Amino acid sequence: MTLIDLANPTRFLSLTARLLPWLAATTAILLAIGLYQSAMAPDDYQQGATVKIMFIHVPNAWLSMFVWGVMSLAALGTLVWRHPLADVAAKAAAPIGAAFTFLALVTGSLWGRPMWGTYWEWDARLTSVLILFLMYLGLIALWRAVEDPSRAARAAAILTLVGAINLPIIKFSVDWWNTLHQPASVMRMGGPALDRAFLIPLLVMAVAFSLLFLTLHLAAMRNEILRRRVRSLQMMQASRRSA
Amino acid sequence: MSLGPYAPFIVTSYLLVTVVVLMLIAWITVDYRRQKQHLHELEAGGVVRRSGRSATDMR
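Protein sequences appear in the order of chains A and B. Quick note on our numbering: the first sequence kicks off at 1 and runs consecutively. Quick note on our numbering: the second sequence kicks off at 244 and runs consecutively.
Among the clues, some could well be false.
Ranges between beta-carbon positions, derived for each pair [as the list claims (entries may be wrong)]:
1. B:Ala269 / A:Ser210: 14 to 22 angstroms
2. A:Asp175 / B:Ser245: 54 to 62 angstroms
3. B:Val291 / A:Pro21: 25 to 33 angstroms
4. A:Arg196 / B:Ala287: 54 to 62 angstroms
Derived contacts from chain B toward chain A, CB cut-off under 8 angstroms, selection only [unchecked claim]:
5. Gly247
6. Tyr249
7. Ile253
8. Leu258
9. Leu259
10. Val263
11. Leu265
12. Leu267
13. Asp274
14. Gln278
15. Lys279
16. His281
17. Leu285
Hints were generated in silico from the structure; no laboratory data involved. The structure presented is a predicted model; accordingly, all values stated were derived computationally and were not measured. The C-beta atom is built at its ideal place from N, Cα and C for all residues, glycine as well.
I would like the entire structure built from these sequences, with the hints used as guidance.
Now the structure itself:
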């Protein structure tokens with residue numbers, strides 16, 4: 001099956017129906033392994049047991065940006081290639097991305113209180129992630145406010161691409177400005193700075209959360225395709241009644 | 244496994260992630276059932292797709 005075949009919503013639904021049970025099972029198994037490894041990880045010599053918050057905070061923070069990246073590609077698909085599923089993909093991803101960003105903010109705050117002495121600081125990293133969260137909410141509101149999906153799709157795609165400017169700002173904020181947040185310790189020049197005892201559970205959790213996103217995203221896309229079928233059938237019903 | 248003096252912060256973080264992920268799963272599951280229900284009702288009322296195929300057909 002090629003990418004062009006997936007442009008057909010019915011084929012996409014067929015593929016999703018076959019994939020979802022396997023994806024969900026793999027996600028559940030990896031999450032269980034990741035959680036076990038996180039629980040068994042040793043305390044950090046400086047942070048103590050609070051390092052365990054890293055195993056859920058970091059995957060959520062990565063996904064908060066990754067999901068916007070996926071939505072930006074989908075936005076290009078809407079504006080440039082007019083792919084029929086591009087807007088469906090973007091719209092379905094937004095609430096999931098918003099949830100991951102919310103979790104990144106709150107778990108970061110709960111980690112920051114014992115380590116920094118404060119729940120919140122208006123520094124570059126925290127503020128740029130908060131802006132990302134607000135942009136997710138804005139996009140969701142836009143899709144809900146415009147009834148016609150094709151009109152909403154173009155406006156949302158433009159807003160998504162403009163918002164993508166925030167992604168490098170978030171990533172490099174810890175290098176460009178003074179911040180309480182630590183610099184990158186996994187994806188950095190010279191390799192990860194983390195000890196294997198922390199790195200392995202973190203990577204397992206990151207893969208598990210990425211699979212969780214893929215599973216939820218495919219399921220939400222399936223729902224959105226069905227919602228659009230409902231809408232077109234309701235319009236057919238209304239035009240039949242008025243004829 | 245001892246979580247030390249910061250246990251409330253660690254436990255709250257994990258609980259919160261669990262609750263939000265479960266809410267996402269529940270929302271998507273309920274939404275799926277709702278859309279299928281709408282489609283069944285429309286088809287039962289005689290509204291069919293132009294292709295003639297069932298709107299809930301996933302094959």
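Hints, one by one, checked against the model:
1. Between Ala269 (chain B) and Ser210 (chain A) the CB atoms are about 21 angstroms apart, so this pair conforms to the stated range of 14 to 22 angstroms.
2. Checking the proposed 54 to 62 angstroms range against Asp175 (chain A) and Ser245 (chain B) shows it is violated: the Cβ atoms sit about 36 angstroms from each other.
3. With their beta carbons about 29 angstroms apart, Val291 (chain B) and Pro21 (chain A) fall inside the hinted range of 25 to 33 angstroms.
4. Hint check: Arg196 (chain A) to Ala287 (chain B), Cβ distance near 59 angstroms, so the stated range 54 to 62 angstroms holds.
5. Look at Gly247 (chain B): its Cβ gets to within about 5 angstroms of chain A, closer than 8 angstroms, so that hint holds up.
6. For Tyr249 (chain B), the interface hint holds, the least distance from its beta-carbon to any beta-carbon of chain A being 5 angstroms, beneath 8 angstroms.
7. For Ile253 (chain B), the shortest C-beta to C-beta distance to chain A is roughly 5 angstroms, which falls under 8 angstroms, so the interface hint holds.
8. Interface hint status for Leu258 (chain B): violated, as the beta-carbon distance to the closest one in chain A is roughly 10 angstroms, over 8 angstroms.
9. For the restraint placing Leu259 (chain B) at the interface with chain A, the shortest Cβ-Cβ distance is roughly 6 angstroms, inside the 8 angstroms limit, so the hint holds.
10. Using the Cβ-Cβ criterion of 8 angstroms, the hint placing Val263 (chain B) at the interface with chain A is satisfied: the shortest such distance is roughly 5 angstroms.
11. A distance limit of 8 angstroms between C-beta atoms decides the matter here; for Leu265 (chain B) the minimum to chain A is near 11 angstroms, and the interface restraint is violated.
12. For Leu267 (chain B), the suggested interface contact is upheld, since its CB lies about 6 angstroms from the closest CB of chain A, less than 8 angstroms.
13. With 8 angstroms as the threshold, the beta carbon of Asp274 (chain B) comes within range of chain A, its nearest partner Cβ sitting at about 5 angstroms, so the hint holds.
14. Hint on Gln278 (chain B) holds. Least Cβ distance to chain A is approximately 4 angstroms, under the 8 angstroms limit.
15. Checking Lys279 (chain B) against chain A: minimum C-beta separation of about 7 angstroms stays under 8 angstroms; hint holds.
16. About 4 angstroms separates the beta-carbon of His281 (chain B) from the nearest beta-carbon of chain A, less than 8 angstroms, and the hint is met.
17. Hint on Leu285 (chain B) holds. Least Cβ distance to chain A is approximately 5 angstroms, under the 8 angstroms limit.
Checked against the numbered hints given earlier, this structure breaks hints 2, 8, 11; the rest are met.
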